[in-house]
Amino acid sequence: MKRRTSAIALGAIAALVLSGCSGGDADGGTEEGLDGRGPISFAMGTNDAGKLQPIIEAWNEENPDEQVSLVELPQEADGQRDTLVQSLQAESSDYDVMALDVTWTAEFAANGWLQPLEGDLELDTSGLLPATVDSATYVDTLYAAPQNTNAQLLFYRTDIVDEAPTTWDDLLGYRDAADAEDLDLLIMQLQNYEGLTVQTTQAINSWGGAVVDADGQTPVVDSPEATAGIQALADAYENGDIAQRTNGFTEEQTNLAFLAGEAVFAYNWPYMYDTATSEPTSEVGDDFDVAAIVGPDGPGASTLGGYNNGINVHSENKGTAFDFIQFILSEENQRGFAQESFPPVLASIYEDEALIDEFPYLPALQEALENAQPRPVTPYYAGVSRAIADNAYSAIVEGRPVDEAVADMSSAITSATGN
Amino acid sequence: MTDTAEKPVQRRIRTGEGWGTYVSGAVIVLGCLLPFYWMMVVAFRDVGYTFSTIPWPTHVTFDNFVAALNTSSGNNMLRAIGNSLVISAVTTTAAVLLGVTVSYALARLKFAGKGFVTGIILAASMFPGVALVTPLFQLFTDIGWIGTYQALVIPNISFALPLTIYTLTAFLHDLPWELEEAARVDGATRGQAFRKVILPLAAPAVFTTAILAFIATWNEYLLASQLSRPNVEPVTVAIARFSGDNPYIQPYAAIMAAGTIVTVPLVIMVLIFQRRIVAGLTAGGVKS
Amino acid sequence: MSDSAKTRRTDAEPAPTRRWRGDRASAAWLIAPAMIVLAIVIGYPIVSAIIQSFSQDRIFNEQTGFFEEGGFAGLQNYWGWLMQDCGNGINSCPRGTAGSQFWQSIGVTFFLTGVTVVIEVLLGFWIAIIMGRNLWGRGLLRAAVLVPWAIPTAVTAKLWAFIFAPQGIVNSITGLDTQWTTGTWELLTAVIIADVWKTTPFVALLILAGLQMIPKDVYDAAKMDGATRWQQFTKVTLPLVKPALLVAILFRLLDALRMYDLPAIMQGNTSGPATTMSMLVTATIREGQFANASALSTIVFLIIFACAFLMVKGLGVNAVDQAQPNRRKVGAGKSKKGTSADTSSTKAVVMPREDAGGK
Chain Z
1 MKRRTSAIAL GAIAALVLSG CSGGDADGGT EEGLDGRGPI SFAMGTNDAG
51 KLQPIIEAWN EENPDEQVSL VELPQEADGQ RDTLVQSLQA ESSDYDVMAL
101 DVTWTAEFAA NGWLQPLEGD LELDTSGLLP ATVDSATYVD TLYAAPQNTN
151 AQLLFYRTDI VDEAPTTWDD LLGYRDAADA EDLDLLIMQL QNYEGLTVQT
201 TQAINSWGGA VVDADGQTPV VDSPEATAGI QALADAYENG DIAQRTNGFT
251 EEQTNLAFLA GEAVFAYNWP YMYDTATSEP TSEVGDDFDV AAIVGPDGPG
301 ASTLGGYNNG INVHSENKGT AFDFIQFILS EENQRGFAQE SFPPVLASIY
351 EDEALIDEFP YLPALQEALE NAQPRPVTPY YAGVSRAIAD NAYSAIVEGR
401 PVDEAVADMS SAITSATGN
Chain S
1 MTDTAEKPVQ RRIRTGEGWG TYVSGAVIVL GCLLPFYWMM VVAFRDVGYT
51 FSTIPWPTHV TFDNFVAALN TSSGNNMLRA IGNSLVISAV TTTAAVLLGV
101 TVSYALARLK FAGKGFVTGI ILAASMFPGV ALVTPLFQLF TDIGWIGTYQ
151 ALVIPNISFA LPLTIYTLTA FLHDLPWELE EAARVDGATR GQAFRKVILP
201 LAAPAVFTTA ILAFIATWNE YLLASQLSRP NVEPVTVAIA RFSGDNPYIQ
251 PYAAIMAAGT IVTVPLVIMV LIFQRRIVAG LTAGGVKS
Chain L
1 MSDSAKTRRT DAEPAPTRRW RGDRASAAWL IAPAMIVLAI VIGYPIVSAI
51 IQSFSQDRIF NEQTGFFEEG GFAGLQNYWG WLMQDCGNGI NSCPRGTAGS
101 QFWQSIGVTF FLTGVTVVIE VLLGFWIAII MGRNLWGRGL LRAAVLVPWA
151 IPTAVTAKLW AFIFAPQGIV NSITGLDTQW TTGTWELLTA VIIADVWKTT
201 PFVALLILAG LQMIPKDVYD AAKMDGATRW QQFTKVTLPL VKPALLVAIL
251 FRLLDALRMY DLPAIMQGNT SGPATTMSML VTATIREGQF ANASALSTIV
301 FLIIFACAFL MVKGLGVNAV DQAQPNRRKV GAGKSKKGTS ADTSSTKAVV
351 MPREDAGGK
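Chains as they are written, first to last, in our numbering: chain Z, 1 to 419; chain S, 1 to 288; chain L, 1 to 359.
By construction, these hints were calculated from the structure, which means they are not laboratory data.
Where hints are given, some of them may not hold.
[Stated by the list, open to error] Here are the simulated lysine-lysine pairs, DSSO-like style, with alpha carbons at most 27 Å apart:
1. L:LYS313 <-> S:LYS114
2. S:LYS110 <-> S:LYS196
3. L:LYS223 <-> L:LYS242
4. L:LYS242 <-> S:LYS114
5. L:LYS242 <-> L:LYS313
6. L:LYS216 <-> L:LYS242
7. L:LYS223 <-> L:LYS235
8. L:LYS313 <-> S:LYS110
9. L:LYS235 <-> L:LYS216
[Said to hold, decoys possible] Pairwise CB distance ranges (calculated):
10. Z:THR218 <-> S:THR61: 34 to 44 Å
11. Z:ASP78 <-> L:TRP79: 25 to 35 Å
12. S:GLY119 <-> Z:GLY36: 54 to 64 Å
13. L:GLY139 <-> S:GLY20: 41 to 51 Å
14. L:GLU68 <-> Z:GLU163: 51 to 61 Å
15. Z:ALA354 <-> S:SER52: 38 to 48 Å
16. Z:THR218 <-> L:GLN104: 19 to 29 Å
17. S:ARG195 <-> L:LYS313: 36 to 46 Å
18. Z:GLU353 <-> S:TYR49: 40 to 50 Å
19. S:THR93 <-> L:PHE309: 28 to 38 Å
20. S:TYR22 <-> L:THR184: 32 to 42 Å
21. S:THR61 <-> L:GLN104: 41 to 51 Å
22. L:LEU315 <-> S:LYS110: 23 to 33 Å
[What the hints assert, rightly or not] If you only want the chain Z side, here are some residues facing chain L, beta carbon under 7 Å, derived:
23. ALA110
24. GLY112
25. PRO116
26. ARG245
27. GLY248
28. GLN253
29. ARG386
30. ASP408
On a predicted model such as this, the values are computed, not experimentally measured, just so you know.
In this text, a Cβ means the ideal position worked out from N, Cα and C, and glycines have one as well.
Turn these sequences into a full structure, and let the hints steer you where they fit.
Right, here's the structure in full:
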């Protein structure tokens, strides 16, 4: 007896997409509804959805016949992804436009769930930060429009450090200053989870290596550069330059420890600029600043975060959907993001003098974003991330020889990508 | 042997137990209650003092409860409580309706294959729920049931029904069935005898079983975490993924308040029905 | 008491045979609906999981960059898990793959099961003995032990995660800086403590019910023979409570082998050091590998049933007899005064508090 399984459904979608054969309603959908106009829904995690609210209101004001309704997804990333995947597997058009974490874009594209932005729907990406466009590109095709971005920054204490260090060795040079104040020199996220993948790819990219090749599949983490990057973290952890308690740190613990004034340097997302200046419990209030993270010879390569907006391949109103994701990229709306500490993807915003006065971290963020690298763009991201974090943890925290860990990381990535 | 003959002996055995027993008892009571107490202290404490170690309530506030019920961060505890009530009530009703006839048959009737049926029920009650998750996840995704109540009620029956049958059979067996026999001698049919005589006597047992099935369903997490969406998720899932304004920060104070909201009614109910619950818990497990 | 004694007596002596006429037919009608429902909610998923475990997960087509439907896999999925074959032969699952977590998750599950069940039974026995004593405030004691049992496991997990948080009360009081939620042994310890807190009361109640079934006159006889309290415990209490104890252990064991809620919530993800068998299944589902997850859940299911089988056959736990009242024979049969023991014990089971609580 043949059951309806999603494996079959998936296969069917893929087959239809590939062959371009159209079987009535069961069509893959990439050619349908391209100029469809009408009301659409926009799905986004509830934690950041508030930042889109004013944009949606402005759009609805101008387009009374093509209203956008906001559908709030769960707050945490896994919950958002599960909700979207379940809906898409059922070929539902519940969500016309979806705000996708940068790490899911490839997976959704490879499953044939996203409308490629080409032909009538070609998006002008010339004004956008190049790394954000890369994060939305899969097999040389743009599958989503960058919406906002994110990159880790180096937070440092201005009461101890006069000028931000520019290299890794510069940073480590403050060891004595940190010891004198009985502070941790550097804190970051070394717990074994997605945050460690971010730290590890940052180190690998900063030291000139890469996790995967340009094809997004072939691991290249066993290069000398990548090994050196992880080795630097492992050495710093071993001798306490990176506080050893950070093996249990997430962004949250990093934030708490830095706000409590327990560390000279911290790697974290820009949101900590906000908490450190505004939280009543913050003890570092005016005594800190931000800079780009550091590499061996200069600024390091931050790992890119943020959201990309994808259009559901089954949407009936792709015309409206496309106009809406373009509308989000308008200068006015992108400036609004900057005012909400939601890093915009439009490059020109970072040059805006008025905004820089208001948000002094913008230049540092711009520098970080110019050097930033996306995490591997692969449909097997969950497995690849696990391969990176697990092995990095064994090398950095558990003291396993780095070349062994890197070899395992490489073969685990190969195995995760099913080759 | 009578009670009067027994008691002096007991007293004598128990003299000299003295303070040791009381210390042990106190340790047990504290061990059971302190974590629960701590949850409530933090729930009522100002969020800035969440990690304070002062053992008694300080900085008392209801703000955490406001935060726990607030829906702006994607939480919706009230909806989750409503969902849990619906899911648990429907599951319990279904399990009791289906289970009561089986329990009657197992406790009362003699038929070939009784051991086999009992074995099936036992096997079902030991069945690992995780083995249901993969096929049901796919099935419910295909037929668009993810995010519906039936997608949570149906798998819940897989453990609530065996639990119901198991407990109820043990209870029913201990009913005074000779009364039914007497009624039938007086000319009642089996159905009449069951309805008029046995059912009133069995009602407390059915009620107790229903409480246990309800609690078991209320506390279920694994299946719900995989098969629900926010609109139908029960309290266990809502608490587990409870989040604050900042995705990187665990809002412990609000979580403790949310935990208090869903736990205190349950604890009160358990204490009210304490005797029945203990009887029900032990009925299936311990038999002589 | 004499009333109920009469009542129970019928159990031992089967009623007149005419009563059983037609039982077979009515039993079928009474049992069929529940059996059909169980077949749907358990049988169907199991069969479809087994079928799917022999199929292949979606394949990634490197040329196109899209996923395609997989074919028939035979035993490949099982082989992959059991033999650690991630595509390059036996033991080719490097660290950082789900496959490499297979044996670890089994080890973690059995470790957690072994440690928690031993602690819970020992602690439960002690609590049961204290609860069985005639002390002032026993009502409070009995109410208190029900509190941990009543709290949903998900709430328990959050509560203990808070207690063991890096800035939590445990670290504050002890002055330690222990990473309870991330270090392997620290996390396992935290999970064990939370599970023991949550479940020991349940075990204690089961043991208490077993203890209360032991007729008082057996102790009287032992005392008259000059047995010490230790001898009373080892020669009278333990043997008589053993059948009930073994059933309690069996249930706890099977429950612990399915452990999911506590480690999943306290660890916060599904690839850390406290990943149990059940958690690995959901992690595999999350990665979209349904066929692989089906094979894994079938393996988990077989492991748990093997454990149940070994317990029942090896240790002589007779849960079927325990559950099937008409064939009850364990425990009280060993007492010299069979009938009176049976009377008091049955009463204890139905309403333990009535027997012990009213002073």
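Going through the hints against the structure:
1. L:LYS313 <-> S:LYS114: holds, 20 Å
2. S:LYS110 <-> S:LYS196: It holds: about 22 Å lies between the C-alpha atoms, which stays within 27 Å.
3. L:LYS223 <-> L:LYS242: holds, 21 Å
4. L:LYS242 <-> S:LYS114: holds, 25 Å
5. L:LYS242 <-> L:LYS313: The hint holds at about 16 Å.
6. L:LYS216 <-> L:LYS242: holds, 17 Å
7. L:LYS223 <-> L:LYS235: holds, 12 Å
8. L:LYS313 <-> S:LYS110: Holds, at roughly 26 Å.
9. L:LYS235 <-> L:LYS216: Given pair L:LYS235, L:LYS216 holds - Cα atoms ~14 Å apart, limit 27 Å.
10. Z:THR218 <-> S:THR61: 34 to 44 Å: violated, 56 Å
11. Z:ASP78 <-> L:TRP79: 25 to 35 Å: holds, 29 Å
12. S:GLY119 <-> Z:GLY36: 54 to 64 Å: holds, 58 Å
13. L:GLY139 <-> S:GLY20: 41 to 51 Å: violated, 20 Å
14. L:GLU68 <-> Z:GLU163: 51 to 61 Å: With Cβ atoms ~55 Å apart, the hint holds.
15. Z:ALA354 <-> S:SER52: 38 to 48 Å: holds, 43 Å
16. Z:THR218 <-> L:GLN104: 19 to 29 Å: holds, 28 Å
17. S:ARG195 <-> L:LYS313: 36 to 46 Å: holds, 42 Å
18. Z:GLU353 <-> S:TYR49: 40 to 50 Å: holds, 42 Å
19. S:THR93 <-> L:PHE309: 28 to 38 Å: Check passed, 34 Å falls within 28 to 38 Å.
20. S:TYR22 <-> L:THR184: 32 to 42 Å: holds, 39 Å
21. S:THR61 <-> L:GLN104: 41 to 51 Å: Given range 41 to 51 Å: holds, Cβ gap about 44 Å.
22. L:LEU315 <-> S:LYS110: 23 to 33 Å: Because 29 Å falls inside the window, the suggested range holds.
23. ALA110: Holds: closest Cβ of chain L sits about 6 Å from Z:ALA110, inside 7 Å.
24. GLY112: holds, 6 Å
25. PRO116: violated, 11 Å
26. ARG245: holds, 6 Å
27. GLY248: holds, 3 Å
28. GLN253: holds, 6 Å
29. ARG386: With a closest approach of 6 Å, the Z:ARG386 hint holds.
30. ASP408: holds, 4 Å
The structure fails hints 10, 13, 25 (numbered hints given earlier, in ascending order).
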